[in-house]
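Novice: Chain residues, written in single-letter form:
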Amino acid sequence: MGRVAYCMVLVLAALSLEGAAALAASEAFKGNIYNPGVLKAVDSVLKVKTGDRAPDFTLPAVAGGTVSLSRFLGKKNVVLSFVPAAWTPVCSDQWPGYNLVKDIFDEHDTVLLGISVDNIPTLFAWTNQMGTLWFPVLSDFWPHGRTADRYGVLRSDGTSERALFVIDKKGIIRYIDVHDINKRPKLEELVKALENLPK
Amino acid sequence: MKRIMWLVFLAALLPGLIAYTAVRPPEPGEKPPEIVLPAPSDRSDRIYLGAPRTGFFYISDLKIPVVLIEILSIYCPYCQKEAPNVNKLHEMIEKDPGLRGKIKIIGIGAGNSSFETAIFRKKYGIPFPIFPDPDFVIHQQVGEVRTPYFIGVRNRPDGSSRIFYSNVGGFGDPGAFLDRIKQLSDLK
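Heads up: the sequence lines are chains P and F, in that order.
Numbering-wise (our numbering), the first sequence opens with residue 1 and increments by one.
Numbering-wise (our numbering), the second sequence opens with residue 1 and increments by one.
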């Protein structure tokens with residue numbers, strides 16, 4: 001009986017600790033990050049697959065104007081980085097990491113488009129804390145999450161998945177990573193996907 | 001039955017107790033956390049630290065009077081912004097014959113892989129070692145601090161070690177910070 005109780009203790013303790021998501025919040029955000037806790041890893045069903053033509057979209061950019069995916073057709077490979085929500089833990093340090101690898105994007109003739117379902121004023125305030133991002137940040141706020149939904153990465157709570165799509169110059173999707181929303185995708189995986197793009 | 005109830009009660013308390021002890025950053029005057037690091041694969045990093053060729057070592061095993069530990073994340077904008085300052089600090093230490101060998105800098109990349117720390121070092125030309133901490137093990141040991149976070153450790157010849165500096169955020173002017181390190185660590 002004693003052993004059973006001991007095991008119960010360990011299991012209960014482990015279960016209680018399991019929910020604690022590790023993160024290293026940057027001082028740049030000065031404690032203004034809202035922690036939603038551990039979320040369901042993936043909460044949507046993809047509507048596209050590798051080999052499909054990437055659905056086109058036109059979205060407003062934080063820097064002003066709009067950006068259409070079709071603008072890059074025949075000219076550049078494109079990485080779409082959907083992040084779930086501004087001012088949340090993992091999202092807040094995903095895009096600044098891409099500042100370190102601009103040369104790798106350049107080397108593979110690739111542009112990056114950051115997309116969130118937040119509105120422009122929120123994205124403006126949030127991305128200002130990240131320093132200068134070299135890539136356009138686009139708002140998929142209205143009609144709410146339409147682009148995320150067309151790719152099948154709109155979650156049931158109105159946020160998007162943490163998802164990466166690599167699209168070649170012909171507009172064909174070559175790589176998809178709908179990542180566990182609680183975790184940041186590793187740079188090496190994305191770099192590997194860029195290296196695998198048709199030359 | 002009473003015993004089981006007690007154990008269940010303790011199990012419910014355990015995470016809270018662990019969280020309490022884990023989330024508190026180290027404070028000056030305290031013994032530094034026992035941080036274990038793998039032997040650096042890069043030869044110049046091993047020479048810089050006097051670290052072993054293989055296996056693992058404790059930071060406290062290094063025969064260095066002052067170790068400045070920077071907890072960072074390559075994704076953190078302030079860590080990126082602070083990188084040139086830390087490089088400057090390193091340069092000032094290495095150029096001063098009275099300090100060279102007495103103060104060493106170690107970076108810990110919280111949540112970062114070795115690929116990511118290598119990218120960060122290359123991007124900013126960082127001359128001191130940065131150890132990946134992909135599973136946040138060390139980050140949790142030091143209280144899950146915000147980044148960048150600097151911890152100064154003073155190692156004495158008798159083998160004792162104490163924290164003399166523990167602070168979140170950038171340190172500002174490298175020259176003024178170096179003076180502060182010397183003063184707080186009582187480095188002659």
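If you are wondering where the hints come from, they were derived from the structure by calculation, not from laboratory data.
Glycine is no exception: its CB is placed at the ideal position from the N, C-alpha and C atoms.
Do not rely on the hints blindly, as some may be mistaken.
[To be verified] With a cut-off of at most 30 angstroms between alpha-carbon atoms, the simulated DSBU-like pairs for lysine-lysine come out as follows:
| id | chain 1 | residue 1 | chain 2 | residue 2 |
| --- | --- | --- | --- | --- |
| 1 | P | Lys-186 | F | Lys-182 |
| 2 | F | Lys-122 | P | Lys-183 |
| 3 | F | Lys-123 | P | Lys-186 |
| 4 | F | Lys-123 | P | Lys-75 |
| 5 | P | Lys-169 | P | Lys-40 |
[Stated by the list, open to error] Residues of chain F placed beyond 10 angstroms of chain P at every Cβ, according to the derived structure:
| id | residue |
| --- | --- |
| 6 | Glu-30 |
| 7 | Lys-81 |
| 8 | Glu-94 |
| 9 | Gly-111 |
| 10 | Glu-116 |
| 11 | Arg-146 |
| 12 | Ser-161 |
| 13 | Arg-162 |
| 14 | Tyr-165 |
| 15 | Gln-183 |
[Stated by the list, open to error] Computed from the model, here is a short list of chain P residues facing chain F with C-beta under 8 angstroms:
| id | residue |
| --- | --- |
| 16 | Val-42 |
| 17 | Asp-93 |
| 18 | Gln-94 |
| 19 | Pro-96 |
| 20 | Gly-97 |
| 21 | Asn-99 |
| 22 | Val-101 |
| 23 | Ala-125 |
| 24 | Gln-129 |
| 25 | Met-130 |
| 26 | Lys-186 |
| 27 | Leu-187 |
| 28 | Glu-188 |
Novice: Now look at each hint and say whether the structure bears it out.
Specialist: A quick look at each hint next to the structure:
Between Lys-186/P and Lys-182/F the CA atoms are separated by roughly 38 angstroms; this puts the pair beyond 30 angstroms, and the hint is violated. This hinted pair checks out: Lys-122/F and Lys-183/P have alpha carbons roughly 24 angstroms apart, not beyond 30 angstroms. Distance hint between Lys-123/F and Lys-186/P is fulfilled; the C-alpha atoms sit about 17 angstroms from each other, no more than 30 angstroms. Of the supplied pair hints, the one linking Lys-123/F and Lys-75/P holds, its CA atoms being roughly 27 angstroms apart against a limit of 30 angstroms.
At most 30 angstroms may separate the alpha-carbon atoms for a hinted pair to count; Lys-169/P and Lys-40/P exceed this at roughly 33 angstroms. The Cβ of Glu-30/F lies farther than 10 angstroms from every Cβ of chain P, with a closest approach of about 21 angstroms, so its non-interface assignment holds. Its beta-carbon lying about 7 angstroms from the closest one in chain P, Lys-81/F breaks the requirement of being farther than 10 angstroms from that chain. No beta-carbon of chain P comes within 10 angstroms of the beta-carbon of Glu-94/F; the shortest separation is about 25 angstroms.
Some Cβ of chain P comes within 10 angstroms of the Cβ of Gly-111/F; the nearest lies about 5 angstroms off, and the non-interface call is violated. At the 10 angstroms boundary, the C-beta of Glu-116/F falls inside the reach of chain P, the nearest C-beta of that chain being 5 angstroms off. Under the 10 angstroms C-beta cut-off, the non-interface status given to Arg-146/F relative to chain P is violated; the minimum distance is some 5 angstroms. Ser-161/F, annotated as away from the interface, keeps every beta carbon of chain P farther than 10 angstroms; the closest lies near 24 angstroms.
Annotated as non-interface, Arg-162/F keeps its C-beta farther than 10 angstroms from every C-beta of chain P; the closest such distance is 25 angstroms. With a least CB separation of 16 angstroms from chain P, Tyr-165/F remains clear of the 10 angstroms interface cut-off, as annotated. Distance check for Gln-183/F against chain P: the nearest CB is about 24 angstroms away, which clears 10 angstroms, and the non-interface claim stands. Taking 8 angstroms as the C-beta contact cut-off toward chain F, the hint placing Val-42/P at the interface is violated, the least distance being around 20 angstroms.
Checking Asp-93/P against chain F: minimum C-beta separation of about 4 angstroms stays under 8 angstroms; hint holds. With 8 angstroms as the threshold, the beta carbon of Gln-94/P comes within range of chain F, its nearest partner Cβ sitting at about 7 angstroms, so the hint holds. Because the smallest distance between the Cβ of Pro-96/P and any Cβ of chain F comes to about 5 angstroms, under 8 angstroms, the interface hint for this residue holds. Taken as an interface hint, Gly-97/P checks out: its beta carbon lies about 4 angstroms from the nearest beta carbon of chain F, inside 8 angstroms.
The interface hint given for Asn-99/P is met, as the beta carbon of that residue sits about 7 angstroms from the closest beta carbon of chain F, less than 8 angstroms. Taking 8 angstroms as the C-beta contact cut-off toward chain F, the hint placing Val-101/P at the interface holds, the least distance being around 6 angstroms. Interface restraint check: Ala-125/P against chain F, minimum CB-CB distance 14 angstroms, threshold 8 angstroms, status violated. Interface hint at Gln-129/P: satisfied, since its Cβ lies 7 angstroms from the closest Cβ of chain F, which is below the 8 angstroms cut-off.
A hinted interface residue such as Met-130/P counts as satisfied when its beta carbon comes closer than 8 angstroms to some beta carbon of chain F; here the least separation is about 5 angstroms, so the hint holds. Hint status for Lys-186/P: holds, given a least beta-carbon distance of 6 angstroms to chain F, under 8 angstroms. A least Cβ separation of about 5 angstroms between Leu-187/P and chain F falls short of the 8 angstroms threshold, and the interface hint therefore holds. For the restraint placing Glu-188/P at the interface with chain F, the shortest Cβ-Cβ distance is roughly 4 angstroms, inside the 8 angstroms limit, so the hint holds.
Hints 1, 5, 7, 9, 10, 11, 16 and 23, counting from the list given before, are not met by this structure.
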